[in-house]
Amino acid sequence: EAGVVQSPRYKIIEKKQPVAFWCNPISGHNTLYWYLQNLGQGPELLIRYENEEAVDDSQLPKDRFSAERLKGVDSTLKIQPAELGDSAVYLCASSLTGREQFFGPGTRLTVL
Amino acid sequence: QQQVKQSPQSLIVQKGGISIINCAYENTAFDYFPWYQQFPGKGPALLIAIRPDVSEKKEGRFTISFNKSAKQFSLHIMDSQPGDSATYFCAASQGAQKLVFGQGTRLTINP
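Just so you know, the protein sequences line up as chains A and B, in that order. At position 108 of the first sequence (counting the first as 1) the number is 115 in the working numbering, and the numbers step up by one without a gap. At position 8 of the second sequence (counting the first as 1) the number is 33 in the working numbering, and the numbers step up by one without a gap.
Derived from the structure by calculation, the hints contain no laboratory data. These numbers were taken from a predicted model, which means no experiment stands behind them. Just to be clear, a hint being listed does not mean it is correct.
Claimed, not checked - As a list, the in silico DMTMM-like pairs of lysine to aspartate or glutamate whose alpha-carbon atoms are at most 20 Å apart:
1) B/K67 / A/E60
2) B/K82 / A/E107
3) B/K67 / A/E51
Unchecked claim - Some, not all, of what chain A presents toward chain B, calculated at C-beta under 10 Å:
4) V11
5) T38
6) V62
7) F72
8) E75
9) D81
10) Q108
11) F110
In this text, a Cβ means the ideal position worked out from N, Cα and C, and glycines have one as well.
Sequences are here, hints too, so could you generate the full structure?
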């Protein structure tokens, strides 16, 4: 069974530029999560989807961050415009049961 | 009340020894407690998990001990090996909601 796929793995951009991250969850997993992981810290939730519906986006900075999950499968997380403080690893996770969450390798973003 | 506190921040253990990492939580509504292992450049990988109706769960060399009254749980790694060197995160969740992670423990196993 293939795991959670994320791309790109690495992204370097100038501040104020837009950036997008893509996630393909494990087949059949209805719940999809985007987490932010700062260096040396545990992941923190940005948004949770149940199928196409964003059911928890309370931690998503909506002035610059947006996300979508069309057709309840793949998801895209966008930042526009990026700031220096957005440099971090963006992790996607999926779950079938709502308990066990399986993470992808993450996208390491560097904002210069 | 959403915090999960993890200790120690870093841990050095000799090969063959027992590694012990501790976590404490406050939210009594949490009902699922997993441990994740993360290697540099990789995403967290689910290692082992426990529900609050069980006091201990063992999978191979990894054991979770759970103390509901103290709101604490711990990970024990028996016969620690150099390949176990990684960062370990405890976490907690309520239902299908977000995982709340601890701060992480960097474990080093000396050969």
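Each hint, compared with the structure:
no.: 1; hint: B/K67 / A/E60; result: 28 Å, violated
no.: 2; hint: B/K82 / A/E107; result: 16 Å, holds
no.: 3; hint: B/K67 / A/E51; result: 16 Å, holds
no.: 4; hint: V11; result: 8 Å, holds
no.: 5; hint: T38; result: 6 Å, holds
no.: 6; hint: V62; result: 9 Å, holds
no.: 7; hint: F72; result: 16 Å, violated
no.: 8; hint: E75; result: 19 Å, violated
no.: 9; hint: D81; result: 17 Å, violated
no.: 10; hint: Q108; result: 6 Å, holds
no.: 11; hint: F110; result: 4 Å, holds
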